[in-house]
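One-letter residues, chain by chain:
There are 2 protein chains.
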Amino acid sequence: MRCELVAVGTELLLGQVVDTNSVWLSERLAASGIDCHFHTSVGDNIERIASVLRIALDRSDAVIVSGGLGPTQDDITRDAIASVMGVALERDEAVLARIRSLFEERGREMVASNERQADVPKGAVVIPQTRGTAPGLICPVGDKVLYAVPGVAEELKDMATRAVLPDLMARAGTSATIVSRMVRTWGLAESTLAERVAPRVEALEAAGNPTLAFLATGVEGIKVRITAKASSHDEALAMVDAEDAELRALLGPLVFGVDGDSMEAAVGALLEGAGLTLGLAESMTGGLVASRLVNVEGSSAWFKGSVVAYDSQVKFDVLRVPEGPVVSESAAAAMARGAAEVLGADVGLSVTGVAGPAGQEGMPVGTVFIGLHLDGAAEVSHQRLPGDRERIRQLAAISMLDMLRRRLLDRPGRTR
Amino acid sequence: MRCELVAVGTELLLGQVVDTNSVWLSERLAASGIDCHFHTSVGDNIERIASVLRIALDRSDAVIVSGGLGPTQDDITRDAIASVMGVALERDEAVLARIRSLFEERGREMVASNERQADVPKGAVVIPQTRGTAPGLICPVGDKVLYAVPGVAEELKDMATRAVLPDLMARAGTSATIVSRMVRTWGLAESTLAERVAPRVEALEAAGNPTLAFLATGVEGIKVRITAKASSHDEALAMVDAEDAELRALLGPLVFGVDGDSMEAAVGALLEGAGLTLGLAESMTGGLVASRLVNVEGSSAWFKGSVVAYDSQVKFDVLRVPEGPVVSESAAAAMARGAAEVLGADVGLSVTGVAGPAGQEGMPVGTVFIGLHLDGAAEVSHQRLPGDRERIRQLAAISMLDMLRRRLLDRPGRTR
Numbered sequence: 000m001r002c003e004l005v006a007v008g009t010e011l012l013l014g015q016v017v018d019t020n021s022v023w024l025s026e027r028l029a030a031s032g033i034d035c036h037f038h039t040s041v042g043d044n045i046e047r048i049a050s051v052l053r054i055a056l057d058r059s060d061a062v063i064v065s066g067g068l069g070p071t072q073d074d075i076t077r078d079a080i081a082s083v084m085g086v087a088l089e090r091d092e093a094v095l096a097r098i099r100s101l102f103e104e105r106g107r108e109m110v111a112s113n114e115r116q117a118d119v120p121k122g123a124v125v126i127p128q129t130r131g132t133a134p135g136l137i138c139p140v141g142d143k144v145l146y147a148v149p150g151v152a153e154e155l156k157d158m159a160t161r162a163v164l165p166d167l168m169a170r171a172g173t174s175a176t177i178v179s180r181m182v183r184t185w186g187l188a189e190s191t192l193a194e195r196v197a198p199r200v201e202a203l204e205a206a207g208n209p210t211l212a213f214l215a216t217g218v219e220g221i222k223v224r225i226t227a228k229a230s231s232h233d234e235a236l237a238m239v240d241a242e243d244a245e246l247r248a249l250l251g252p253l254v255f256g257v258d259g260d261s262m263e264a265a266v267g268a269l270l271e272g273a274g275l276t277l278g279l280a281e282s283m284t285g286g287l288v289a290s291r292l293v294n295v296e297g298s299s300a301w302f303k304g305s306v307v308a309y310d311s312q313v314k315f316d317v318l319r320v321p322e323g324p325v326v327s328e329s330a331a332a333a334m335a336r337g338a339a340e341v342l343g344a345d346v347g348l349s350v351t352g353v354a355g356p357a358g359q360e361g362m363p364v365g366t367v368f369i370g371l372h373l374d375g376a377a378e379v380s381h382q383r384l385p386g387d388r389e390r391i392r393q394l395a396a397i398s399m400l401d402m403l404r405r406r407l408l409d410r411p412g413r414t415r
Numbered sequence: 000m001r002c003e004l005v006a007v008g009t010e011l012l013l014g015q016v017v018d019t020n021s022v023w024l025s026e027r028l029a030a031s032g033i034d035c036h037f038h039t040s041v042g043d044n045i046e047r048i049a050s051v052l053r054i055a056l057d058r059s060d061a062v063i064v065s066g067g068l069g070p071t072q073d074d075i076t077r078d079a080i081a082s083v084m085g086v087a088l089e090r091d092e093a094v095l096a097r098i099r100s101l102f103e104e105r106g107r108e109m110v111a112s113n114e115r116q117a118d119v120p121k122g123a124v125v126i127p128q129t130r131g132t133a134p135g136l137i138c139p140v141g142d143k144v145l146y147a148v149p150g151v152a153e154e155l156k157d158m159a160t161r162a163v164l165p166d167l168m169a170r171a172g173t174s175a176t177i178v179s180r181m182v183r184t185w186g187l188a189e190s191t192l193a194e195r196v197a198p199r200v201e202a203l204e205a206a207g208n209p210t211l212a213f214l215a216t217g218v219e220g221i222k223v224r225i226t227a228k229a230s231s232h233d234e235a236l237a238m239v240d241a242e243d244a245e246l247r248a249l250l251g252p253l254v255f256g257v258d259g260d261s262m263e264a265a266v267g268a269l270l271e272g273a274g275l276t277l278g279l280a281e282s283m284t285g286g287l288v289a290s291r292l293v294n295v296e297g298s299s300a301w302f303k304g305s306v307v308a309y310d311s312q313v314k315f316d317v318l319r320v321p322e323g324p325v326v327s328e329s330a331a332a333a334m335a336r337g338a339a340e341v342l343g344a345d346v347g348l349s350v351t352g353v354a355g356p357a358g359q360e361g362m363p364v365g366t367v368f369i370g371l372h373l374d375g376a377a378e379v380s381h382q383r384l385p386g387d388r389e390r391i392r393q394l395a396a397i398s399m400l401d402m403l404r405r406r407l408l409d410r411p412g413r414t415r
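Protein chains in written order, with numbering that gives the first Met the number 0: chain A, 0 to 415; chain B, 0 to 415.
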């Protein structure tokens with residue numbers, strides 16, 4: 000089954016918007032085992048949209064077109080589809096009633112142009128709208144199919160998950176349900192991780208189900224995607240759970256979460272579980288770690304704050320670091336202790352180093368000392384990070400969080 | 000002149016990479032007055048690449064294809080182009096010599112597969128490589144043209160600016176040079192800004208040159224793009240300069256920079272010019288402002304650091320804020336003074352407020368107090384910001400920077 004993507008919107012062609020919808024849809028298609036060979040973006044022009052849809056239907060079995068389903072005059076995807084299907088648009092009274100009630104629920108007035116969103120090409124099946132006012136459409140074209148979904152990311156994801164992907168899977172002839180999960184790891188290069196996981200890849204090769212795939216995501220680590228097919232959701236989920244357990248047995252603490260889990264959320268959960276509070280002393284990361292931690296819901300329960308000591312004098316005066324070289328193991332240890340004491344936290348986590356562009360105190364660019372003060376003792380990790388200023392800073396931030404996470408996992412008394 | 004874009008790479012179709020190259024090229028084409036009606040992404044498959052190029056050449060005057068020019072076996076854009084042109088690939092000795100010397104300069108060994116990058120379709124003109132090892136190509140196809148550039152963003156931008164866009168402009172028959180500039184503003188909604196700029200839009204309407212366009216960029220403010228055409232670069236630049244001055248006369252301090260200038264860079268330049276140092280006290284922004292400031296080159300000359308006082312006790316203990324409600328005008332003022340004193344800075348800038356999801360101390364979500372301590376006096380701005388938690392935090396951060404910028408501009412003794 001081959002399905003391609005068409006995104007509608009002149010703003011895409013002017014470079015005003017990044018097409019992240021196609022990225023999301025592509026990921027979902029790949030995870031569902033459906034081939035996608037082409038993406039096309041086209042502007043708000045009926046002839047050009049129709050021509051792109053015809054080309055797409057000619058070379059693929061299915062097409063998902065997103066955008067151009069709004070109420071304004073330049074929202075013409077419905078018209079282009081009707082033209083490609085060779086049918087007329089008909090007003091669907093049930094859809095219209097639903098649009099009316101959505102406006103009423105929100106206490107807003109419905110203008111006449113919104114009625115256009117109830118126009119449906121004859122022969123198309125409506126995907127009911129649950130978030131926005133525009134319904135989606137499933138449009139048969141010969142023995143092929145064209146799905147139309149709104150360009151608003153939230154509405155697109157909802158309709159794709161609820162209607163488009165299940166319909167595609169059904170047409171692909173597999174009654175199988177697919178469940179996939181991203182196991183997130185940090186601390187190994189992709190090639191090294193692949194070596195560690197090789198026994199599982201080999202074990203799964205013969206059956207070909209579930210499958211494993213690697214996805215590098217820059218400073219945020221490597222993801223391992225588990226995809227399982229089965230005749231029921233529960234069965235597929237059980238296969239994913241089993242493989243997840245196998246991976247964790249191989250990778251241990253390299254795994255910090257699944258799917259949308261962040262490193263900072265993993266750290267927050269461990270702190271909360273241990274009843275500990277955290278204070279930071281940040282030099283080269285300049286507040287980056289703090290700003291990641293406050294994005295975790297409920298962080299006020301365990302996050303006290305950060306002393307961003309960009310200037311050396313702030314390290315001496317506020318964090319009580321003894322005067323001397325500040326890019327050093329002893330400065331990192333003193334900063335971590337200072338952070339805990341000054342901010343009234345149980346745990347102190349610090350960083351000092353050289354982000355560049357020039358070296359400092361005779362230390363080369365990329366030198367990083369991470370200090371951790373916990374249970375009355377300090378430890379320091381000395382690393383040399385690659386990349387430019389921004390990358391070194393990002394890597395330092397996640398390295399700090401990972402060091403704290405690993406240390407909390409190893410803490411005596413903790414049951415895994 | 001119509002030019003469309005083709006991006007080559009299976010990773011694009013798997014959703015592993017966001018196609019930011021097309022966004023950048025689209026912006027440049029729009030600024031150059033060249034219409035772009037279609038974007039297509041296609042995988043590393045020679046028949047499919049060739050078919051996409053044929054479709055594109057059929058409906059546009061020019062095509063820019065990016066990616067697939069590397070040394071590995073799946074880099075086959077050169078082969079697809081040769082097939083579309085109906086010619087053979089020929090090894091270009093000058094290009095090969097250049098690749099060899101690039102490897103020698105970097106002290107790396109050149110493997111045989113790199114020689115493929117010297118293969119050029121017969122009849123194509125080479126765009127010399129200056130950054131990577133792959134040259135670009137200008138390929139005539141009938142009376143149309145196909146440009147091939149590498150997918151690496153840095154190399155793509157270099158070749159597009161140096162060779163592709165000038166060649167396109169020349170073919171467009173205009174000997175005109177186009178110069179454009181983004182004037183960056185902060186503090187007004189798009190509609191209000193458009194009203195303020197209306198006199199200039201009207202004044203320019205008759206001649207149609209230069210032109211003005213508005214571009215909203217979320218929390219980072221509204222950009223006004225000035226585009227001027229003239230027979231020489233200097234003449235076009237003079238027109239842009241003149242219109243830039245007109246806009247600044249209308250907009251005054253709403254303008255904080257041009258093109259890639261950031262709000263934090265504007266603040267840094269003003270601090271440096273005034274010989275002042277800055278310390279922050281951040282509550283709801285959680286280090287976000289500090290992390291923006293340290294990204295400004297040379298920030299260590301004027302940035303001391305930040306106390307991220309997420310917990311109220313840190314405000315009382317470290318910043319010496321009197322005990323009491325912390326989402327208040329008086330707390331913001333005390334935090335600003337505390338930041339300056341504790342961090343040893345001339346200027347203290349603070350924020351306290353409610354990012355949500357729940358209200359705090361009887362204050363609704365979005366309530367923000369920004370404190371500024373400068374020249375021995377404190378002032379506080381009370382705002383109510385819209386959006387979700389993340390947006391409120393981002394808006395608070397840029398509001399802080401803008402308040403400091405405006406205050407430094409108004410400082411007695413400063414000559415604008």
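Keep in mind that the hints are not guaranteed to be accurate.
[Claimed, not checked] Under 10 Å between C-beta atoms, here's a sample of chain B residues computed to sit facing chain A:
1. G32
2. G42
3. L56
4. S100
5. F102
6. R105
7. S190
8. G207
9. A244
10. G278
11. S282
12. V293
13. K303
14. S305
15. L342
Think of the hints as simulated: they come from the structure by calculation, not from any bench.
Computed from a predicted structure; not experimentally measured.
Just so you know, even glycine gets a beta-carbon here, dropped at the ideal spot from N, CA and C.
Status of the hints after comparison with the structure:
no. : hint : verdict
1   : G32  : 12 Å, violated
2   : G42  : 6 Å, holds
3   : L56  : 14 Å, violated
4   : S100 : 25 Å, violated
5   : F102 : 21 Å, violated
6   : R105 : 16 Å, violated
7   : S190 : 17 Å, violated
8   : G207 : 19 Å, violated
9   : A244 : 26 Å, violated
10  : G278 : 8 Å, holds
11  : S282 : 8 Å, holds
12  : V293 : 3 Å, holds
13  : K303 : 4 Å, holds
14  : S305 : 4 Å, holds
15  : L342 : 5 Å, holds
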